[in-house]
Amino acid sequence: MLRFALRNGYVFLVSMLVIGTIAAAASVTLLLLGWTAEQNGELHVQSAQSGELASTCVERAVHKLQLDLSYAGNETISDTQPFGTCKIYNVGGTVGSNFDRTICVQGFSRNGSQRLQQVYLSRVFPKTSISTWDEVQCCTAGGALAPNCGSSSSSNSSSSSSSSSQSSSNSSQSSSVGGGMGGNIG
Amino acid sequence: MPAPRFTLRQRNGFLLLEILVGVMVMAIFLGSVSYVLINGQKSTVEGSDRTHASYLAGEAIERVRSIRDASGTAALTQGTWAVEINPATKTWALSSTIAADAEGYTTNVFIDRTIASDRVRVTATTKWHHGVDRAEQVQVMTEFTDWEQATSFGNWASPAVIPNALSLTGPLQDVVVSGNNAYVTSGGGPGLYVLNITTTPPTLVASPALPGGLVGGAMALGSNNKLYVVGNAAATGKSTILQCDISNPSAGVSCSTYYDFSGNGVHAISIVVQENGVGADTVIIGSTYRINYIAAVSPLQPLAFEGSIMSSAPTRWDLMSLLVPQAEAQFSMPSTSSSSLSMALPYSSTSSMSLMSLASAFSSPSSTSSSSSSPSSSSSSSSNSSSPASSSVASSSSSSAISSCAQAGFFCLTDADCCSGVICDLSLQPHRCELVDGTPPPDPYEVWFVRNGALVSGTQMFGDVNDMVLSDNNVLIASGDTVNGQYAVLNFDDDSAPRFQSPQAGWPLPGTAKSITTFGNSVFVGLVQGGSYDELWEIDTSGGLVPPDSSFLRSRDIAGVVNTINNVVGCYPAIGTDKANQQLQLIDAGTSTLTVHGTLNAGAPLISMQYDPLHDNILAVTSTNVVVIHSGGGSDACTL
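Protein chains in written order, with my numbering: chain A, 2 to 187; chain B, 995 to 1634.
Just to be clear, a hint being listed does not mean it is correct.
What the hints assert, rightly or not - Dumping the calculated SDA-like pairs for lysine to any residue here, alpha-carbon to alpha-carbon at most 25 angstroms:
| no. | chain 1 | residue 1 | chain 2 | residue 2 |
| --- | --- | --- | --- | --- |
| 1 | B | LYS1121 | B | GLY1073 |
| 2 | B | LYS1121 | B | THR1038 |
| 3 | B | LYS1036 | A | THR37 |
| 4 | A | LYS128 | B | ASN1033 |
| 5 | B | LYS1121 | A | GLY21 |
| 6 | B | LYS1121 | A | VAL29 |
| 7 | A | LYS128 | B | GLU1056 |
| 8 | B | LYS1036 | A | ALA24 |
| 9 | B | LYS1036 | A | GLN40 |
| 10 | B | LYS1121 | A | LYS128 |
| 11 | B | LYS1121 | B | THR1045 |
| 12 | B | LYS1036 | B | MET1020 |
| 13 | B | LYS1036 | A | ASN112 |
| 14 | A | LYS128 | B | THR1535 |
| 15 | A | LYS128 | B | SER1536 |
| 16 | B | LYS1121 | B | GLN1133 |
| 17 | B | LYS1121 | B | ASN1033 |
| 18 | B | LYS1084 | B | SER1065 |
| 19 | B | LYS1036 | A | LEU33 |
| 20 | A | LYS128 | B | ARG1107 |
| 21 | B | LYS1084 | B | GLU1053 |
| 22 | B | LYS1036 | A | VAL29 |
| 23 | B | LYS1084 | B | GLU1142 |
| 24 | A | LYS128 | B | ASN1149 |
| 25 | B | LYS1036 | B | GLU1056 |
The hints are simulated quantities; they were obtained by calculation from the structure and are not laboratory data.
Please put together the full structure from these sequences, using the hints given.
And the structure:
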C-alpha cells in the first residue's frame, strides 16, 4: 500500500518538476528577451546619436573648408560631450583647392557606438556642391589614420571597419540629408 | 532488535512540514516566474518604447534640418519648440505648443544658439511614461551650420585692384592663403612674410628669417597647421625644405629643416603636399633639370643660360635651352643622347649648329679650346627644330650678348671645357648665373618624394618641373619635358615607387609648361611661350588624366607668359601673366575658345596668386608688391 502511494506522489512530483523546468526556462527566456530588447533600444539611441555626431562633424568640416580652403581636418570634436565625440579625418583632395574635396568623419557615442560618413564636395565656392554624402564602411580619403579602404598602413582600419555601419558607398544622398538611421551598432 | 517508538509521530510532523515547505517552494517558484515574466515583458516594452522614442527624436532632428535647409540657421530661434507642419506653408515650422502624441510620446527640440556664432546645436528630446509612475526620455543632439548658403561672390567680370599695395623686399616668389593670414616668400630679405589679410591692404604681422640665411621659394600647406617652404641658399641656389608651424601666426612662425636637399644638389622650383595625417604628409618636390650641382651664384647681365642636361652618359652634357631675358625669347633643344642637337630661335631664320660650335661661340676663349675634347662637341647637327619658329643661332645677333657674358664665363658643357663652370638659371631670377661645382648629382631626379622628413623616392624627368598639382594620388606636372610631355601625370599610389601613366606618360604641348591647376573635370596648363601662340591649354580629363586624343584639348593665345594659374575663384580659372595691362585674366572654363571673362591691369606681371574666400579677394604678388584684387560690383554671370 505504501509503495503505491509513493508512486502516485512521484508522478505528481515529476510532473511538477517538468512543468517547473519549462516554466523556468520560459521565464528566463522572456527575461533575456526583455533585456535584449532593452539593450537594443539603448543601442538604437546611441547609434542614432553617433550618426548625428558624424553629421555634426561634416557640418563643421564643410563650414571650415568654406572659411579656409586649406583646412586640413584631422581633429577630434569633443565639445559635444556628454553625447559623445566625433573626429574629422584629413580632408582629401588638393590642399587649398576649390574642387574635389573629400571629407571623412566618424561619430562616437558615449557607449562606443560609431558611425562613419564620407562626403565628396565637387566644389566649395561660391556655393558648396556636395555630390555624395554616404554612410560608409571605410573611407577612400582621410589619410592613414582614417578607417581606410584597403589601407595596409591603417592600424584602425580593421577594428573600425568591423564595427562601422552598413556600407552604402554607392548610394547618393541629397546634400541636405545628414546621416541616415541605418547602421552601426558598435 | 526493538522497534523505534516514535516513528509514526515523527512521520506525521514531517508530513506537515513537507506540505509547508512544498507550498513555500511552490510560492517562491511561482513568484519568481511571475516576477521574471513581468520584468521580461516590462523590459521588452521598454526597449520597444526606447526604439520608438529614438525614431521620434531623430525625426524631430530631420524636421529641424528641413527648416535649416530652407531658410538657414537664422530660422532656428533659441528656445524649446515642437516641430510641426505649418498649415499655411505646408512646411515644417517651430511651434511653442508641445503636446503628447496619440501614443503618449512628447517630443521637443531645444535650439541652442549660444555655443558659437556660426553653429546651432539642436537637442531633440522624446519623453514618455513607462507604467504609471516612471518617466523615461531619449535625447539626440546634432549641430547645424550655414554651409548651404552661397558665400559672397562678386562680379569677377570687372575685377579691381584695392589701392595701396603692400610693398615688400623682393623678388617675391609665392603666396599662400590660410584663414585670415597669408604667407609670402621672397628671394631676398628675410625670406618669409606673414600677413594679416583682414585689413586692406594687408598688414605685415611678422617676417621671420628663414634658418641658415635661406631665401624663400615655393610653398605648400600641409596638415596640422604646417607650411612647407622651399628655402634656397642665396649663394648656391641649393634647396632645403623647411617646415613652418603656422598654428598661431600672430605669435610668430617658426621654421625648421624638414629635408635638406643641398647634399643632392637640388634646386627646387615647385612643391605640393599630399596630406596623410599628422606627421605623415608626403611632400613632393619639383626641381630644375639636372642642375643639381650648383655651387655659387654670380650676377650676370644680358644673356643667360637655363638648364643643362646630363644625358645617359654621365660625362656628357647637352644644352637644353637658352634664355635671353632682354629679348624675352627662348629657344630650346629636344632632349637627346646623340651628339647631334638642333635648336630653334624665334627671332631668326632656320638653321642649326653643333653643340661644339655653340660651346665655342658662348664660351670664353680659355674654355673654347678645351671644349673640343668633349665627346658631345665632336659632331655637327642637323636641323630638326621642335620650336614653332625655327631659326638659327645668329652669331651676329648673339655675339654681342655672348661676349659680355663670356668674360665672366657663363656656361659649360663638360667639366673639362667649362668656362669657369657657370650655368645661369632664369627660374631663380633674371640676370643671375649659377656656378657648376662639377659634382654629379647622387640621384638624378627631378621629382622627389619626402615623407616624415626622409627622402622616399625620386623620378627622372627631362625638363624643369615648374609647377605641380595633385589629383588624388597623381601629380600633374607642368614642365619642359619633351620626352614625357610638358604635361605629365605621375601616379604615386606607392610613393616609394612612383610611375608615369601608362601607356602614355603625358601630353606634349608647344612650349615649356610653367603653371598648372585643376578646374572641375579639366586641367589648365599655362605655357612659357609668348608671341602669337597658344599659352593657355585646357585638357578635358573626362577621358582620363592623360587625354586619349587631341579632341580633349582646347587652347587660347594669351599673348603673354602664364606665370601662375589658380582654380579657386568660383567659376573661373584665373591666370597671372606678364601681358601688359592684362596681368590678371579670368577664363570662362568650358567655352570652346576659353573666353576671357574679365581682365585686370595689375601694373606688373603677377608672379603668384591665391583666392581669399573669406573676403572674395585674389591675393597676388608681383616682384615687390602684394596686390589685393577684389571683384567688381553687381552680380556675376556665374551660375552654379
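Which of the listed hints are broken here? 4, 5, 6, 10, 25
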